[in-house]
Amino acid sequence: MTINPDLQGRSYPAAEVYDVGREKIREFARAVKATHPAHFDVDAATALGHPDLVAPPTFAIIIAQRADAQLIEDPEAGIDFTRVVHADQRFTHHRPIFAGDRLVAELHVDGVRAMGGGAMLTTRSEIFALDAAGGREQVTTTTSSILVRGEGQ
Amino acid sequence: MSPTFSELSAGQEIGSRTLEVSRTDLVKYAGASGDFNPIHWNEAFATGVELPGVIAHGMFTMGAVVQLVTDWAGDPAAVMDFQTRFTKPVVVTDTTGTADAGATIEVTGTIGKLDAEARTARVDLTVTAAGQKVLMKAQAVVRVS
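So the sequences go chain by chain: A and B.
Read left to right, the first sequence gives residues 1 to 153 (this note's numbering).
Read left to right, the second sequence gives residues 1001 to 1145 (this note's numbering).
Hints were generated in silico from the structure; no laboratory data involved.
Just so we're clear, the structure is a prediction, and the values are computed from it rather than from any experiment.
Backbone N, C-alpha and C fix where the C-beta goes; we use that ideal spot for every residue, glycine too.
Relax, there's no trap hidden among the hints.
Not close to chain A: a few residues of chain B, all C-beta gaps over 10 Å, as computed:
no.: 1; residue: F1005
no.: 2; residue: E1013
no.: 3; residue: T1093
no.: 4; residue: D1100
no.: 5; residue: A1101
no.: 6; residue: T1104
no.: 7; residue: T1126
Okay, derived cross-link-like pairs now, EDC-like style, lysine to aspartate or glutamate, Cα gap no bigger than 16 Å in a straight line:
no.: 8; chain 1: B; residue 1: K1133; chain 2: B; residue 2: E1106
no.: 9; chain 1: A; residue 1: K33; chain 2: B; residue 2: D1071
no.: 10; chain 1: B; residue 1: K1028; chain 2: A; residue 2: E27
no.: 11; chain 1: B; residue 1: K1028; chain 2: A; residue 2: E23
no.: 12; chain 1: A; residue 1: K24; chain 2: B; residue 2: D1035
Excised from the complex, chain B in its bound form:
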């Protein structure tokens, strides 16, 4: 069910989601994306370069949180522009072999701005992990019919 432009208004919430992240997810993302920087999978290496631990790829977080927008839009091709700043790392603890998440990311989407001429909606995402905002200015511009 795709949104209808005339029914949207700035400030409207499009939904929210909780994403559980494990070390396995980071290994999968490394393989799928080709980003094998060891800070995303090796604890000793990550702490050796003064990071608090293994951290998620910023691009994993960015890629995962936009699903809220594509599902709301009804077509992933409707996302015309998507940007973010990475402000805090998402530290993923090693919970291998257990059912526990290594990190939990919360995402909420709100209509930030509507462009009636272009028939686009800007969706602003609020993304937090461990109580801190991990993305800033996470904005997706979506074509709406």
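In isolation and in its complexed conformation, chain A is listed as follows:
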């Protein structure tokens, strides 16, 4: 199985909405061994000036990986999920993610590079919060590179 080089420059539009719930923030925070009260206690978060619980700095990976799944599961892409290794990751927060946010992600394939028998794929998710009026506000940009290992890699 080989990676389709035509993926470069491809975009996947924002699909389903991700509703950020308080319990999900708490569950994710526990899973990364976070203890800061702003992830767990609404009063502690509002005391810091936030509208609701604050998501941990890497929480956006949930939304980004859902967006990535569109690409990984795309039969045209030629990606063997079991041979995927995460190579790098970045989060740029234009504002924090809070409980109550309704988020969507636009996925962009920024790079496809052959590496040995495998390939390095760089993707970027632009994550936006939807407001009640139908507008959207840029929240987080995530970029990630995954290495799809070839045989023997």
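Position chain B against the provided structure of chain A, taking the given hints into account.
What follows is chain B alone, placed relative to chain A:
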């Protein structure tokens, strides 16, 4: 107690931490994140795809080590940018049913760079497991008042 910009200097250490990781932690992270790749919970599967054993999600390690930074900053929302490269896998041995850790991750944070205009500090994290650096260029940019 949040840091004060004027009291920071490049090279200053913000602290260090030891994180014990078990297979249960990986299952919890899989559930919380939605990343159910079996290389993070099934030994036979992991070795079958030529990995040394079950490995931690890179995103588990990245998410766990940044707690040193958020606790130092006093507000998780102060972390404006966070990036890393994953250089070595963290192999987590099966210690289910015992009190032993399956892996131990050591993290140390140092002020790498200060931006007086933006009032931000870049915290560089050194992250090791089993004596090897598992993250490279692990950098968090933090807003400091």
